[in-house]
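S.K.: Below are the chains, spelled out letter by letter.
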Amino acid sequence: MSLYILPKERLPEFVRALQGNYRVVGPVKTEHGFAFDDISDPQQLQLDYTTTILPPKKYFLPQREVLFSYHTEQGDNGRQRIEMRPVYQGVEPTVIFGVHTCDMNGIMLYDKVFSEGFRDEHYMERREQIYVIGIECLHPCDEASFCKDMGTLTAPPVYDLHMTDAGDFYFVDTGTEKGERLLLDHVYVKMAEKEDIQKLGQILSSKWPRFRMRLKMSRDQTPALLTLGYQAKLWQELGERCLACGSCTNVCPTCFCFDVIDENDITLQNGERVRVWDSCQLYEFALVAGGHNFRESKASRVRHRLMRKGKYIKQVHGLIGCTGCGRCERACLVHITVPGTLNALHEEMQLEPGV
Amino acid sequence: MATKPKIAFFDFTSCEGCQLTVIDLLQTHLGLLDLVEIVQFREAMSEKDEDYQIAFVEGSCTRKGDEARLLQIREQASMVVALGACAHLGGINALKNRWAIENVQTYVYGKNGKDAYESYPARPISAVIKVDAVIPGCPIDRYEFLRVVQLILQGRKPRLPDYPLCVECKLKENACLNTLGKPCLGPITRAGCNAICPTYGDGCEGCRGWHPEANFTYMREILRGHGLSDAEIDARFTMFNHYQFQHMGDEAPITTPISPAKDEPLPTSTFAAPKEA
Chain A
23 MSLYILPKER LPEFVRALQG NYRVVGPVKT EHGFAFDDIS DPQQLQLDYT TTILPPKKYF
83 LPQREVLFSY HTEQGDNGRQ RIEMRPVYQG VEPTVIFGVH TCDMNGIMLY DKVFSEGFRD
143 EHYMERREQI YVIGIECLHP CDEASFCKDM GTLTAPPVYD LHMTDAGDFY FVDTGTEKGE
203 RLLLDHVYVK MAEKEDIQKL GQILSSKWPR FRMRLKMSRD QTPALLTLGY QAKLWQELGE
263 RCLACGSCTN VCPTCFCFDV IDENDITLQN GERVRVWDSC QLYEFALVAG GHNFRESKAS
323 RVRHRLMRKG KYIKQVHGLI GCTGCGRCER ACLVHITVPG TLNALHEEMQ LEPGV
Chain B
69 MATKPKIAFF DFTSCEGCQL TVIDLLQTHL GLLDLVEIVQ FREAMSEKDE DYQIAFVEGS
129 CTRKGDEARL LQIREQASMV VALGACAHLG GINALKNRWA IENVQTYVYG KNGKDAYESY
189 PARPISAVIK VDAVIPGCPI DRYEFLRVVQ LILQGRKPRL PDYPLCVECK LKENACLNTL
249 GKPCLGPITR AGCNAICPTY GDGCEGCRGW HPEANFTYMR EILRGHGLSD AEIDARFTMF
309 NHYQFQHMGD EAPITTPISP AKDEPLPTST FAAPKEA
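For the protein sequence lines, the chains are A and B, in the order given. Add 22 to the 1-based position in the first sequence for the working numbering, that's all there is to it. Add 68 to the 1-based position in the second sequence for the working numbering, that's all there is to it.
No lab work stands behind these hints, which were simulated from the structure alone. Please note that the accuracy of each hint is not assured.
Mimicking EDC-like on lysine to aspartate or glutamate, the simulated pairs with C-alpha atoms at most 20 Å apart in a straight line are [stated by the list, open to error]:
1. B/198 x B/241
2. A/80 x A/60
3. B/72 x A/369
4. B/225 x A/285
5. A/30 x A/217
6. B/240 x A/59
7. A/200 x A/217
8. A/200 x A/285
9. B/225 x A/306
10. B/72 x B/117
11. A/30 x A/187
12. A/80 x A/143
13. A/333 x A/143
14. B/72 x A/35
15. B/225 x A/60
16. B/240 x A/281
17. B/250 x B/300
18. A/216 x A/262
19. A/221 x A/187
20. A/212 x A/59
21. B/116 x B/134
22. B/74 x B/117
23. A/80 x B/241
24. B/225 x A/284
25. A/255 x A/143
26. B/240 x A/53
27. A/221 x A/207
28. A/212 x A/35
29. A/134 x A/150
30. B/225 x A/281
31. B/225 x A/199
32. B/250 x A/53
33. B/74 x B/111
34. B/240 x A/318
35. A/51 x B/241
36. A/238 x A/165
37. B/179 x B/135
38. B/72 x B/134
39. A/80 x A/147
40. B/182 x B/332
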């Protein structure tokens, strides 16, 4: 695809032009950090943000999503009649600015999960209306980041546009044709020239030493490590510490599990079937009719989460289920971390260093 | 629905704030009155009928005399719902259980207090009668009240969230107060209030009771990290849940004695005890 130059002073113009046709969201400053939110004034957009509590997954899978509405009434024959109408919620042309490379990897996994096997029409309808504008990560967000270990430090092919900060201007790479149209229709940009491309190469290659490695093994080893360590003592220790608060999964860019519930209006005749985010770390997640719980202990739930991230997701979708964004580590009050857990497991299993 | 179920509201030792919340809810959700008939509600109306099927009880049981009235309600109602922290947990009323009851009576009502006013250790209403459903909180969450009423009317079992407040806080993208150095009991407290206190910057005080997997050991570690002493942590743990800890006996995850000591002096308060007449 093509590489363009967008002078920084022209970014507000680009955002304003988009606002005429799209919902524009991106990272904004909050009281204690940053969050993805609607942009009303281009000045709100903080492309040099560190991290957010929730990843942009909230635009792909809303926390509360109506799947269909229903109306019930007493029929002539005395039997209850139910009418159902499908609902596609939040399907509107949306441009997401400032998506970090880890979160783009999360989106790539989401796209696989919701399109492979059972195709989720609610997700896909919304997905088709979303434009992803990435931002190249030139510095780690903080100490919790381990994107370099997870191989998510470069942009995967899910972006429509991808920006790289070059001081006075942004390089804008076009990932899709619709992304290129979005750019060219809304702002004046010029094509990058040979020396520009050389500068981009320098920016990209000089960023790597700024990121540290935290895993004692290669990410390719994690499925085998987790298989070997299934019965490890470590899980018991982590289970005792775990608060069962589900924060790790709620903030995770690849966690997608949901619950489905019916909500009635005040008349009890009308209602909606909604799906809401759920978490495998909560007690009720694997509780089934009859009262059996497949993962009753916190230890089994902590293990399950790591298994999903490091092994199961890869078996099903071919991608590792962790992007190294570090959000779960920042959210965990008892300091259960993915690198810490994998390293401890590696030690308990007495494996040779694999890096 | 052919006939509307009749419901009644009752109050015991409480501030009546939960009933006020119900009245406030009715201002925006008047349609609720198409589903039920309110036959007794001292806070809101003068009419009074003893024929009801669902009883909502606010307040804790704090005197012998309360028991007969509770039993009478249980006898009449096919369903009893505890409304709010006092009825559900004993709530802050149970803080007095820490001291010998005579001392409390004298402290509050003066020298002749124990003859003038009947009192005994506070208990949740479930300690006296069978309770079919609970709407927790201090005060209750109006929308949870509405959901519970709807479920009861549909013949479904009202269920409370079985997970901690942190879930709701994260979904709202609140910065974690514990991370910011402000004590918050969210990690051990049952969700359902939409994390209202942390959302406005105040740490959770546990008014909805603990969730079934509350991890007191590590909650204490987190609070120690804020520089709180064990006694201060105990005070936070027991604020709304004194009765629950009392009944855990030696298993209670607290470090200071919780059972009444006859000679222990009551703390001095910014609200002075009433002057002797």
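S.K.: State for each hint whether it applies.
M.R.: Hint check:
no.: 1; hint: B/198 x B/241; verdict: violated, 39 Å
no.: 2; hint: A/80 x A/60; verdict: holds, 12 Å
no.: 3; hint: B/72 x A/369; verdict: violated, 66 Å
no.: 4; hint: B/225 x A/285; verdict: holds, 14 Å
no.: 5; hint: A/30 x A/217; verdict: holds, 19 Å
no.: 6; hint: B/240 x A/59; verdict: holds, 12 Å
no.: 7; hint: A/200 x A/217; verdict: violated, 27 Å
no.: 8; hint: A/200 x A/285; verdict: violated, 38 Å
no.: 9; hint: B/225 x A/306; verdict: holds, 16 Å
no.: 10; hint: B/72 x B/117; verdict: holds, 15 Å
no.: 11; hint: A/30 x A/187; verdict: holds, 9 Å
no.: 12; hint: A/80 x A/143; verdict: holds, 17 Å
no.: 13; hint: A/333 x A/143; verdict: violated, 27 Å
no.: 14; hint: B/72 x A/35; verdict: violated, 60 Å
no.: 15; hint: B/225 x A/60; verdict: violated, 39 Å
no.: 16; hint: B/240 x A/281; verdict: holds, 18 Å
no.: 17; hint: B/250 x B/300; verdict: holds, 14 Å
no.: 18; hint: A/216 x A/262; verdict: violated, 58 Å
no.: 19; hint: A/221 x A/187; verdict: holds, 11 Å
no.: 20; hint: A/212 x A/59; verdict: violated, 29 Å
no.: 21; hint: B/116 x B/134; verdict: holds, 19 Å
no.: 22; hint: B/74 x B/117; verdict: holds, 10 Å
no.: 23; hint: A/80 x B/241; verdict: holds, 11 Å
no.: 24; hint: B/225 x A/284; verdict: holds, 14 Å
no.: 25; hint: A/255 x A/143; verdict: violated, 42 Å
no.: 26; hint: B/240 x A/53; verdict: holds, 14 Å
no.: 27; hint: A/221 x A/207; verdict: violated, 26 Å
no.: 28; hint: A/212 x A/35; verdict: holds, 15 Å
no.: 29; hint: A/134 x A/150; verdict: holds, 14 Å
no.: 30; hint: B/225 x A/281; verdict: holds, 18 Å
no.: 31; hint: B/225 x A/199; verdict: violated, 53 Å
no.: 32; hint: B/250 x A/53; verdict: holds, 15 Å
no.: 33; hint: B/74 x B/111; verdict: holds, 17 Å
no.: 34; hint: B/240 x A/318; verdict: violated, 27 Å
no.: 35; hint: A/51 x B/241; verdict: holds, 13 Å
no.: 36; hint: A/238 x A/165; verdict: holds, 16 Å
no.: 37; hint: B/179 x B/135; verdict: violated, 26 Å
no.: 38; hint: B/72 x B/134; verdict: violated, 29 Å
no.: 39; hint: A/80 x A/147; verdict: holds, 15 Å
no.: 40; hint: B/182 x B/332; verdict: holds, 17 Å
Consistency note: the structure conflicts with the earlier hints numbered 1, 3, 7, 8, 13, 14, 15, 18, 20, 25, 27, 31, 34, 37 and 38.
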